[in-house]
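2 protein chains.
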Amino acid sequence: MIKAIIFDLDNTLVDFMLLKRAAVDAAVNAMIDAGLNLSSEKIKEKINSIYDSEGIEYQQVFDKMFKEILGKVDYKIMSAGIVAYRKAREAALKPYPGVLPALIELIKMGLKLAVVSDAPSKEAWLRLSYINFQHFFDVVITYDETRERKPSPVPFNMALKELNLKADECLMIGDWAERDMVGAKAVGMKTVFARYGDTFNTENPDSDYDINSISELINIVKKENNVNE
Amino acid sequence: MIKAIIFDLDNTLVDFMLLKRAAVDAAVNAMIDAGLNLSSEKIKEKINSIYDSEGIEYQQVFDKMFKEILGKVDYKIMSAGIVAYRKAREAALKPYPGVLPALIELIKMGLKLAVVSDAPSKEAWLRLSYINFQHFFDVVITYDETRERKPSPVPFNMALKELNLKADECLMIGDWAERDMVGAKAVGMKTVFARYGDTFNTENPDSDYDINSISELINIVKKENNVNE
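Line by line, the protein sequences give chains A and B.
Counted the way my numbering counts, the first sequence spans residues 1192 to 1420.
Counted the way my numbering counts, the second sequence spans residues 1192 to 1420.
So here's chain A without its partners, still in its complex pose (with noise of 0.2 Å):
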């Protein structure tokens, strides 16, 4: 019987690729405004090799951009960039359709829900918060927590132990593969493949489910559930 839903958080519950995206040009396109000598394309490229050594995540990557480019920050520029980053951010921050009524349907439903992620927990809450979704979840484990990441089975483990269920009891849901999947499946638990955020083209999750809408989850678990309608 399934008694939890635990939801992997980036690119399952929102749009994280939409958002650095529509974060990153709006910036870019601000800095070039204030007067930065440089084609879209090579700063978007700077900025994404920044990403790639420092980790999505990095903070400071504009300031980093400077100092590689320019070898020192241009406050006047960067601001403009970061103001506009901040706003496109905010702007584009938004769970997936259908994500709020389904988790409103799953509590109804008396299922539990968690969110386990690789995050760090300010990012991780400062997203949940954002799109008021920090008081649907009993329990949230992120990066801080294990210092594990998935497919470890750590992070997986401390959020049976918080809902206090078995393996079996949970049904795992999120958007990579090779992380959420496999170590969800490892663990014990049931896997949905949420197709809606793949970014890798992923041919074969190895899922239980592989779902285009997060709606499809209501019916996923009636059927595991044989609940009659």
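Please keep in mind that the hints were generated in silico from the structure rather than gathered at the bench.
Some hints here could point you the wrong way.
What the hints assert, rightly or not - To give an idea of the chain A side of the interface with chain B (calculated C-beta under 8 Å), a few residues:
1. 1223
2. 1225
3. 1270
4. 1271
5. 1273
6. 1312
7. 1313
8. 1317
9. 1321
10. 1325
As the list claims (entries may be wrong) - Label pairs and their calculated CB-CB ranges:
11. A/1224 - B/1278: 21 to 29 Å
12. B/1296 - A/1260: 32 to 40 Å
13. A/1357 - B/1261: 30 to 38 Å
14. B/1250 - A/1258: 18 to 26 Å
As the list claims (entries may be wrong) - DSSO-like cross-link-like pairs, simulated, lysine-lysine; straight-line CA separation at most 27 Å:
15. B/1211 - B/1233
16. A/1255 - B/1255
17. A/1267 - B/1233
18. B/1313 - B/1303
19. B/1194 - B/1211
20. A/1313 - B/1258
21. B/1299 - B/1357
22. B/1263 - A/1267
23. A/1237 - A/1194
24. B/1211 - A/1313
25. A/1267 - B/1352
26. B/1278 - B/1263
27. B/1233 - B/1258
28. B/1267 - A/1352
29. A/1303 - B/1299
30. B/1258 - B/1278
31. B/1313 - A/1258
32. A/1313 - B/1263
33. A/1267 - B/1278
34. A/1258 - A/1233
35. A/1211 - B/1313
36. A/1211 - A/1237
37. B/1299 - A/1285
38. A/1352 - A/1303
All C-beta atoms in this analysis are idealised placements derived from N, C-alpha and C, irrespective of residue type, glycine included.
Chain B: place on chain A using the hints.
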């Protein structure tokens, strides 16, 4: 002949104390709402004492508050506070009434405009950029450029050098008598006290002028330059 106006930033161009108060109030309410079990007064007292010891621009104020109160950061509660803080700050970050038309009028009169602020570069420029003021000023001197605070002559002299003007060709406007008026007067500038931004109940700012609205600057310049309307 006055050829440039040098502005202090905080509490002269923007109502910084209002902004801080609005942002902190919103954050405290959000954190109590998210489960922080302390009185609003106690939380504000803690936040203010951290600002007093670390400086009003300190960016990790909530992290430090949680560590001092609970021994660790509660990310769920803190993120609610940060989101509320950011939204309230953006809403409250506005130039004083009359600032924008006054700047435009001064530019039309052929004057150069500058900022001399004790704030860190990044924060000063972010505030200017949020209100779309970043292109108005020919020269912006912040703490990072000189590592000296007003009333030191260093930031004033750097502004004069970059403006390529003499001290008696410049008029300094600011809300802090001991820093803005004393410092500008010492290098030989005319001074205007921004009474509307005064947070110290200053009795005698010892300035050449004392104004209740920034729009009064226009007539002061006309008078100084013997322009007949």
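Would you check the hint for residue 1263 of chain B and residue 1267 of chain A, treating anything up to 27 Å between C-alpha atoms as holding? violated (36 Å)
Supplied distance hint 18 to 26 Å, evaluated on CB atoms of residue 1250 of chain B and residue 1258 of chain A: At 19 Å between Cβs, range holds.
Would the stated hint for residue 1223 of chain A survive a check requiring a Cβ distance to chain B of less than 8 Å? Not OK, violated: residue 1223 of chain A not within 8 Å of chain B, min 14 Å.
Straight-line Cα separation of residue 1233 of chain B and residue 1258 of chain B no greater than 27 Å? Satisfied, since the Cα-Cα distance of roughly 15 Å is no more than 27 Å.
Per the CB criterion, is residue 1317 of chain A less than 8 Å away from chain B? holds (5 Å)
Hinted pair residue 1313 of chain B and residue 1303 of chain B, Cα distance within 27 Å: Holds: residue 1313 of chain B and residue 1303 of chain B sit about 23 Å apart, inside 27 Å.
Once the shortest beta carbon distance from residue 1321 of chain A to chain B is found, is it less than 8 Å? With a closest approach of 5 Å, the residue 1321 of chain A hint holds.
Holds or violated: residue 1211 of chain B with residue 1313 of chain A, Cα cutoff 27 Å? holds (22 Å)
Given the hint that residue 1313 of chain B pairs with residue 1258 of chain A, does the C-alpha gap stay at or below 27 Å? holds (14 Å)
Are the Cα atoms of residue 1299 of chain B and residue 1285 of chain A separated by 27 Å or less? Distance of about 44 Å is beyond 27 Å: violated.
Checking one constraint from the list: CA of residue 1237 of chain A to CA of residue 1194 of chain A, max 27 Å. Satisfied? Between residue 1237 of chain A and residue 1194 of chain A the Cα gap is close to 45 Å, so the pair fails against 27 Å, i.e. violated.
CA of residue 1303 of chain A to CA of residue 1299 of chain B, is that 27 Å or under? Judged against 27 Å, a Cα distance of about 64 Å means the pair is violated.
In this structure, the earlier hints numbered 1, 17, 19, 22, 23, 29, 37 are contradicted, and the remaining ones agree with it.
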